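Novice: Chain by chain, the residues run as shown.
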Amino acid sequence: MSENSVTTAETTASRGIRPSTLVVAAGFGVIYAYYLWDAIRSLVVLPELYDSIGVGRETAPWTLLIAGVIVPPVVYLLALVVGRRHTLGGKALILLAGLGLLACMSLGLIALA
Amino acid sequence: MTRDSDDDGLSWGDESDPTHVDARVDAVPRVTAAERRARAAASVASGGPAASGGSATAAPAGAAASALLVTLGVLAGVYLLYTVGWVITAQRVSVVPADAFDVVMARLRDGLAIAAPAVWFVTSLLLTRHRKPAVRLLWLAVGVVVLVPLPFVAGI
Chain A
1 MSENSVTTAE TTASRGIRPS TLVVAAGFGV IYAYYLWDAI RSLVVLPELY
51 DSIGVGRETA PWTLLIAGVI VPPVVYLLAL VVGRRHTLGG KALILLAGLG
101 LLACMSLGLI ALA
Chain B
1001 MTRDSDDDGL SWGDESDPTH VDARVDAVPR VTAAERRARA AASVASGGPA
1051 ASGGSATAAP AGAAASALLV TLGVLAGVYL LYTVGWVITA QRVSVVPADA
1101 FDVVMARLRD GLAIAAPAVW FVTSLLLTRH RKPAVRLLWL AVGVVVLVPL
1151 PFVAGI
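Chains as they are written, first to last, in the numbering used here: chain A, 1 to 113; chain B, 1001 to 1156.
None of these hints come from the bench; they were simulated from the model. As the structure is a prediction and not an experimental result, all values here were calculated from the model. Quick reminder that beta carbons are idealized off the backbone N, C-alpha and C, glycines included. One should not assume that every hint holds.
[What the hints assert, rightly or not] Taking beta-carbon pairs under 8 Å as the criterion, some of the chain A residues facing chain B (in silico):
| id | residue |
| --- | --- |
| 1 | L101 |
| 2 | A103 |
| 3 | S106 |
| 4 | G108 |
| 5 | I110 |
[Said to hold, decoys possible] Simulated DEER-style distance windows between Cβ atoms:
| id | chain 1 | residue 1 | chain 2 | residue 2 | range |
| --- | --- | --- | --- | --- | --- |
| 6 | A | Y50 | B | G1073 | 45 to 51 Å |
| 7 | B | L1126 | A | L77 | 18 to 24 Å |
| 8 | A | A113 | B | V1103 | 17 to 23 Å |
| 9 | B | G1073 | A | G27 | 20 to 26 Å |
Isolated chain B, as found in the complex:
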């Protein structure tokens, strides 16, 4: 059976959607063998089938991972805007340099300022790989505060 492809664009696909991609499996906390045995023993003792405890604990972890991903996406957007802000600021600034050295350093300053948001974002993400999400977000938040393109925001 073929569905109307125009209608497909108006709704979110579910698991039956051919383009559906499952979230990363490793976001789900691993159940150790000991826990599994304990759970099996408990279900035998209570006489019922295994409780759905596994999926109940997996859901919040998956939601947290998704929330983190969305937050990172938003932050990436903010950093991208900052890059645009610094590009425009660098273009607007026109200081008459005194000598060749000043010209080189002015170029370097412009380049560093434009690259700064990207460098901060990549550095924060790369070097906090094995840290808690809160630590990663904290470093990115610090960047959002200190790298704000003030002249651009102030409309100068």
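The following block holds chain A by itself, in its conformation from the complex:
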């Protein structure tokens, strides 16, 4: 009985992602993408700003700028991996928690900068 349900769950997982999961992942993905875009914008704009005020782009916080671009997709993928065995609500909660983490990092950077 329980073996049957396990095999069913496995085949559903291997055959493809359910549409509801896709909608949730895509919906959260848009906001994750915003944080990625925001980081790319900083990566492009900040060195130019440093140049324009005459301090030189070498002094820009390159580590933070590059980390900012890497972190959002990594958190998104981790959230999907951690949530893959959970229900739709569980997946949404995990994606929301990941989004909270990104928001904290973003706010923290702005406050420290």
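Starting from the known structure of chain A, arrange chain B on it as the hints suggest.
Specialist: Leaving out everything else, chain B in the frame of chain A:
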């Protein structure tokens, strides 16, 4: 007989205290019928009354459950402090937004950051319901590390 109610506040109540609440019973490991029979047979064989093995094994389990509960309480306090830290950080940050979209996203970011510790705590607890206590504590510990309100801690 009535006791002085002022003195009651100065000591922990025991089982005779009317406000005493017993710990959850299901924290005690269940003794199966087979074990009970085996124990009874052993006591008959040794000629003495049933050994107090049951209560001896129940005590550590109860203590572990209490320790877990206390740890969860402490962690909940830490997460609450983090929430306060992010509220203050969000209030201190003042970036002049370029356009309406930036204003909306800044609001969303502040809201998400303030809610983050609570969301992480609830998510960790809810989704690890059926996991080992170590796993639950691990996820909560991860949250304590990654959600620390650095600007607030650094005093900026």
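Novice: Now, for every hint given, state plainly whether the structure supports it.
Specialist: Checked hints:
{"no.": "1", "hint": "L101", "in the structure": "holds (6 Å)"}
{"no.": "2", "hint": "A103", "in the structure": "holds (3 Å)"}
{"no.": "3", "hint": "S106", "in the structure": "holds (6 Å)"}
{"no.": "4", "hint": "G108", "in the structure": "holds (5 Å)"}
{"no.": "5", "hint": "I110", "in the structure": "holds (5 Å)"}
{"no.": "6", "hint": "A/Y50 / B/G1073: 45 to 51 Å", "in the structure": "holds (47 Å)"}
{"no.": "7", "hint": "B/L1126 / A/L77: 18 to 24 Å", "in the structure": "holds (22 Å)"}
{"no.": "8", "hint": "A/A113 / B/V1103: 17 to 23 Å", "in the structure": "holds (19 Å)"}
{"no.": "9", "hint": "B/G1073 / A/G27: 20 to 26 Å", "in the structure": "violated (35 Å)"}
Of the numbered hints stated above, the single one contradicted by the structure is hint 9.
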